[in-house]
Amino acid sequence: MLAKRIIPCLDICNGRTVKGTNFVNLRDAGDPVELGRMYSEQGADELVFLDITASFEGRKTFTELVQRIASVLSIPFTVGGGIHELSDVERLLQAGADKVSVNSAALKNPGLIDSIAANFGSQVCTIAIDARQNGNDWECFLNGGRVPTGRRLFEWAAEAADRGAGEILFTSMDHDGVKNGYPCEALARLSELPIPVIASGGAGSKEHFLEVFAKGKASAALAASVFHFGQISIPELKQYLCRSGIPIRI
Amino acid sequence: MNVAVLKYNAGNIHSVIHALDRLGVTPLLTDDIEQLQAADKVIFPGVGEAATTMQYLQQHNLDAVIKGLRQPVLGICLGQQLMCTHSEEGDAGCLGIFDVPVLRFKPDSNEDKVPHMGWNTISCQDQVLFKGFDKDEYVYFVHSYYVPLCPWTAATTEYILPFSASLHRDNFFATQFHPEKSGTAGERILKNFLDI
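Line by line, the protein sequences are chains A and B. So our numbering is basically just the index in the first sequence, starting at one, shifted up by 28. So our numbering is basically just the index in the second sequence, starting at one, shifted up by 507.
Don't take each hint at face value.
Subject to a maximum C-alpha distance of 25 Å in a straight line, what follows is the list of computed SDA-like cross-link-like pairs (lysine to any residue) [claimed, not checked]:
no., chain 1, residue 1, chain 2, residue 2
1, A, Lys245, B, Asp619
2, A, Lys243, B, Glu665
3, B, Lys638, B, Leu656
4, B, Lys514, A, Ala98
Derived coverage of chain A by chain B (criterion: at least 3 residues anywhere in the stretch with Cβ under 8 Å from a Cβ of chain B; other residues may be distant) [to be verified]:
no., region
5, 29 to 35
6, 137 to 151
If you're looking for bench data, these hints aren't it; they were derived computationally from the structure. Here the structure is a predicted model, which means the values were calculated and not measured. Where a beta carbon is used, it is the ideal one built from N, C-alpha and C, also for glycine.
Isolated chain B, as found in the complex (with noise of 0.2 Å):
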């Protein structure tokens, strides 16, 4: 199989290309245009900073490419923000692939810390991704920004309120949480999508 990893100004890509080698496929780690368009998996991982990288898409021409690509699409962590509409961290307008804005936790007490970081349970809506899951799991979560409730939410979780810990609309999927570094759990994710 032939999966693509999008190479972009972001940290986090050699723990996808890493959880990916453990699956026994090796992806090919690319920002060219062709060769994306050619995958038959795209993965959109990411940690960063939405405006910066939303910049970066834009010089390159990728914003476009991504909102148009047919095959499988999952985005991890910045991935889902940036396919959304709009990001509160650094006034991003971001692909609007889905039609939800990210908004960033706002604690009420100092108990509830902010970035949301560690294991915390998902419940699923959607069996794509989440095929075989039938108790809540625990996924890896790190994170300031949010994803809200929206028709396109594939998996519930909850941090000072309910929020889309995974997303899914026709081709295009993501999760909020790092499958890559959610053990077991996270390996099952990954090899769903491969699987689709």
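Chain A extracted, bound-state conformation (with noise of 0.2 Å):
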């Protein structure tokens, strides 16, 4: 059976991971090859390298980094951030990933979902979408959740499918960094959708990443800081999703 997937965040600025991390085990928890390393060791379903550098020679590093996780990691990775067209897609995927999220430039031009498809195949493209709720609704917001744009968030997930993405990886702003759960009904609709859904920020315990897989349907849970900081220990959570029935890779 298909298993859920579970896939820790690394945030990148000038080739090294941000925000502090306890892992008293590791040399240089800064380094995002160890830090992958270690959470592939641990039985994480896949890796997300987010590079956060704004700076041109920053992308530059990112690459480079790319490479090295790419000779070192057994395991699927995505990079995201920074890319704005067709060549920065190709070039991250030159450099060993395995996939690319892309979320502003694709709210801006639609069109480049169609060339990742045709290009490279529907499987390395994955939508990022940050959306706020919205009464009933949910908007979608460009530039790490800066700038509204009016564009509903089932609608815009609904168009990304058709047009060749692979999966959907819906952060809610509401939700991120709170550590009060997953908007588990949102997901729900969303996976009504063609393609896997990841569902991003909000997780804070254990259960409520059993309620995103048994209630919001996604495919696969992404995390940060619960596990940077050591809060939730991934084979403990794994242990958990399994013995409550989720279909989980132990």
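Reassemble the complex: the two chains are provided individually, in unrelated frames, and hints are given to aid placement.
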């Protein structure tokens, strides 16, 4: 049976992981390669590396980092941040990434999804969506959640799937960082799409992961700080989910 | 050991090379016919589209070369599919090493997503690639087309329906999943192939 995926997300700035971690057994928790390898050994199913560097030089550093990650990791990984055009996708796939995650650039130019799918296949194309709840609906935001677009979440997600996206990575800006759980209702609605949905933002406990799979029907759950700060350990989380009847790779 | 990785117009070639590197083998990435024929083992990796890849192989006379190889050959993902007779992807005639067609997943509902992407279990019928696999192991899949069960099925996976996760006939081996992305289980499969 296809397993639900647990995905730690690492934010990278100038080739280093940001947000401190308290892993005492790591020589250098700031090294994304070492942190990625540790998560892989703990049973992470995939990893996401998000480049939050703004500069051109930083992009070059990130590409070199992707090459190092690819040579070390034996599980799939997605990279995102700063992907504006097809040539960025090609550069990162060439460096060894399995998938790319595109956010603002796809909202500004939806045709980019079609070109990525046509050139590299849907399976490499993750569309990340940041949205905020507005009454009964959700509005999509650009540039890390700073710029409202007026576009509605469910319409945009359906359009992305039609255009050839391979997955939707949905972050609720209302839930992100609050640790009160994932927005399961919105996720369950997104899961009616024909492509997998990754839930991101809101995890604070093991129960939240159970909920996002059982009620939110997500294919995968992504989290950052609960893993980085050791609040939830991946082996314990996976044992818990497995005991609760969720298909999980142990 | 002299391991050749077939070079062609596909993605995912580097991840196979990295995985072999981690096992202490430095493979030769080549489309040179003599080098392929002289190798101890040949790996036919692949992420791509069936029809355009078959065209490329035919234009470079690699289709006949692959079929004629006598050493152990391992096809991965699209590599497995191209070793079959025909693919629904682009209505492509394929190599015909395994006498079975490649079909597209047809889900009954949106609960079954296509592509089949993620970790799924394999149950193994064959003890060459899967030597030492005494329980169902999780491996990593990404694909929208599948090979049905057939006399050469070496491992089975169930998604929408049971299908061939792996094939084996004589010196030809193939996996639908990506051993190079399947953690320690995948490393054992690659090692078993190198040990043949």
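Verification of the hints:
1. Between A/Lys245 and B/Asp619 the alpha-carbon distance is near 12 Å, which keeps this suggested pair within the 25 Å criterion.
2. The suggested pairing of A/Lys243 with B/Glu665 holds, with an alpha-carbon distance near 24 Å, which does not exceed 25 Å.
3. At roughly 21 Å between alpha-carbon atoms, B/Lys638 and B/Leu656 fall within 25 Å of each other, so this suggested pair holds.
4. A C-alpha spacing of about 19 Å is found between B/Lys514 and A/Ala98, which places the hinted pair at or below 25 Å, so the restraint holds.
5. Given a C-beta distance limit of less than 8 Å, the hint that chain B covers the region 29 to 35 of chain A holds, as 4 residues qualify and 3 suffice.
6. Restraint check on the region 137 to 151 of chain A versus chain B: 4 residues with Cβ-Cβ distances below 8 Å, three needed, restraint holds.
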